[in-house]
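Going line by line, the protein sequences match chains U and W. Number 59 in my numbering belongs to position 59 of the first sequence; there are no gaps in the numbering. Take any residue in the second sequence, note its place counting from 1, add 1000, and you have its number in my numbering.
Just so you know, the hints here were simulated from the structure itself, not pulled from any lab data. This structure is a prediction, so every number in the text was calculated from the model and none was measured. Hints may be right or wrong, so weigh each one.
What the hints assert, rightly or not - Residues from chain W shown here face chain U by an in silico Cβ test under 8 Å; the list is partial: (1) A1366; (2) P1386; (3) A1387; (4) I1390; (5) L1396; (6) H1403; (7) I1406; (8) A1409; (9) V1414; (10) G1422; (11) G1429; (12) V1430; (13) M1431.
Note that CB positions come from ideal geometry on N, CA and C, so glycine has one too.
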Amino acid sequence: MSIAEDQKQRGGATLARLLMSFGPLLFLVALVVVFTVLKPSFIDPINLFNITRQISITGLIALGMTFVILTAGIDLSVGSLLAFCGMVAAVVAKGGAANTLSLSTSGTQGYGWFAALLAAVVVGAAAGGVQGLAITRLKVPPFVVTLGGLTVFRGLTLTISNGGPISGFDASMRWFGTGLIGPVPVPAIIFAIAAILCHIVLRYTRYGRAVYAVGGNAEAARLSGLRVDRILVSVYVIVGFFAGLAAFVLSARLNSSEAVAGIGYELTVISAVVIGGTSLFGGIGSVGGTVVGAALIGVLQNGLQFNNVSSYTQSIVIGLILILAVAFDRWLKSRVRR
Amino acid sequence: MSPLSPIISLAEKALPAELPISPQVGEMSGRTEGGAVPLPLPIGKQPLPTEAAPVLLAVQGLTKHFAGVTALSDVSLDIRPGEILGLLGENGAGKSTLLKILSGVMPPSAGRITFDGADYAPSSPQDAKRAGIVTIYQELSLIPTLTVAENIFIGRAPVGPLGLINWRRMEADSRAITSRVGLSIDPMTPVSALSVAEQQLVEIARALSLESRLIIMDEPTSALTETEVQRLLSIMDRLRKDGVAIMFVTHRLEEASAICDRMTVLRDGRLAGHLDREGGPIRLPAIIEKMVGRAASELYARPAQRAVAGDVVLSVRGLRTVRDPEAPHAIVLDGVDLDLKAGEILGVAGLVGSGRTELARAIFGADRIAAGTIMLEGRRIAPASPADAIALGIGLVPEDRKHQAIFAALGILVNFSVASLGRFSNGFGVMAERRERDALAGFRKMLSIRMASAEQPIEGLSGGNQQKVILARWLARDPKVLIVDEPTRGVDVGAKAEVHQILVQLAARGIAVMMISSELPEVLAVSDRIVTMRKGRITGEMPGAEASEERLMELMALDRRDARRDEARGQTV
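Generate the whole structure from the sequences, applying the supplied hints.
Here it is, written out as structure tokens:
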């Protein structure tokens, strides 16, 4: 290769990487500036912490979804799985589904918040594992398996809850949804810790390398000695785990597990991951991008609400932003490739 | 019945008798074997296009800058009707840029192009097509789910009075169009059911139906078997006689030499020279010298210092693979016996479809084994997956680099260490990146990998440098056995010798190297010992020093050897 061409590629690659990693972030900053100009109280710390609380539920699931999408997979079942895990957590926390509509928080014979949390994440991870096995063993595409899962988990949720909510948890459990450490909401702290852990796993461990490799080229990964099927199953376990964790936090925040919780979450979650620059074709993306993507959606929702834009219009705007964000990403790449 | 033979026999009917299709073609029985007619083809007899023929396309002083980099500098060439012009050059020589300008993908920075006497400055590929220049890319542009007829008439289907598609006319017209390229398939066949070679012919047929006067073919033979290559070359020859001009862009010098009337060679974005067929085919050494700027004898020189072969490391006996009921024509191993010694390079020569790749995959645990034994250092092994084989100390550089080896969008570092993540991480599974980078830096120096940084995506490297990264991937594991399948496919002529030298060095370190290649000069240059394969069996073995292209080709391509072997086997039983 000529030196000239070498240099061209060097410059191009650096520029591309810069723009691709900071594109969504620039977008986020721009949004914050716009909303602040429109209504200066937007930048209030109270409001900002409010946003972090809002994004932490879908954000947690989006962390897991990042793993899945990095392997060129998808999980449409996360919203239903969240409802299912929430219901499981409620049953464990309250020691049964009998007191369905009881809001009383005294005299509970449940097993406590820790058992509820454990049950939620174990059930979530197991459900993800089953879907992962269906994908790898039965060779059914992830889209189809998790589309089935979306229906199955919703049905299971309605079955165990009889369609209604299970409400009223003790204060120690509610703290995980409503508590504050200093000025910072607990869900936001959970989200931040989880995001840092996921970032470390994807960026600095051999497991993370394997996830990128499987998503980048599954056949080459197999011929390089990676156990591709195991890695594929593992990412669905991870997203299931996060659906369970998010379910616990959501139930704690609402002091109730709703059978209809999480409807449509899969789309918000996938939007966050994709806006964050993770490629649906696998192999490209990062946790940092997903956090920015989740924040972008959160800021948009909050900012629009702040300016009294109706929730109907909000969905229109968020949908358009999703398309624009990906179009912008494509445009950058094509500019840089030339 | 092989899937290709009906097409071939039809093609023979459709083509005039004097076409230089090799007589062996009709006798073929295997799916892909048997077509290996020693090149060059007996094509050079037709009259050269007369000098009086007016120039169809003239390119003068073409230059293209990209963001301060000159990809093409002052290139001139011309092509006349009824002429095949070879466009040659290593990767990065500027061929693609030139092609993109001619096909309207991008405008030049400077220079002048005239086509049919008029200025030619296409604003888009459609514009170029309308002007009469069609480019057929390596990645074919047919729509697989549509039929042949729909593809040919895409965007211009014949319609009846109500504006509805006249299917009958479309079918009849398609039949006529495809027969021009010797293809007699039902035009209602979906394109996905065709082989790559047939799809290519459909593209050429479509180009002809658009009244194209210049067809540019970008690496048309790279995905074809030997037989299919012969067929394509015959059709190109026929089109030439019909007065169509063809620009043939290729890496395969033998083919270019066999078919081209003239050649234009590019090097580093500049014109390296023109070559002319003067009575006989253009000689390979002359082409190579123009391409790389030095004498050809250096390229396939047999590296001098050879290690003495040690003990047998890998021993294969009676290896058979499973016949997949869903792919009854796929090649299966039919009892392979093979020994591989430490410190030697064993060349495995065979045509596409001889079972050479299947042998590599079976040893590597990538395909299932039906019968036979594999012994590694005296112990019987049965790798059930590549992971097993790798853990035992076997490495494989696969033949299809893009699809089987590289992670195109990922960085060089990730590509390098993917097979040894365990070695480059600590007990908690955290990558020891410092160690990893140091190792890569060592191999970068040792293999002289030309790269910008460890984070650079590997797809930005040239083929040769990509292959070196893949070799480094395996060297990092220090394997006992390294199988390399087509190690220099898609590698520049100049970098081939480097790859060969690396293989020799590896053997000198005591690694048992098995090199599969369809390039006989390469097999001859590198191997200490050579075995030939055909139809899933070993058909011959000889020391590298005693082998010649003729002897190998005979063992690889001819059927009577099999017959004789079978006879002998029958007597001993």
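Against the structure, the hints:
no.	hint	verdict
1	A1366	holds (6 Å)
2	P1386	holds (5 Å)
3	A1387	holds (4 Å)
4	I1390	holds (4 Å)
5	L1396	holds (6 Å)
6	H1403	holds (6 Å)
7	I1406	holds (6 Å)
8	A1409	holds (5 Å)
9	V1414	holds (6 Å)
10	G1422	holds (7 Å)
11	G1429	holds (5 Å)
12	V1430	holds (5 Å)
13	M1431	holds (6 Å)
Violated hints for the displayed structure: none, as all numbered hints are satisfied.
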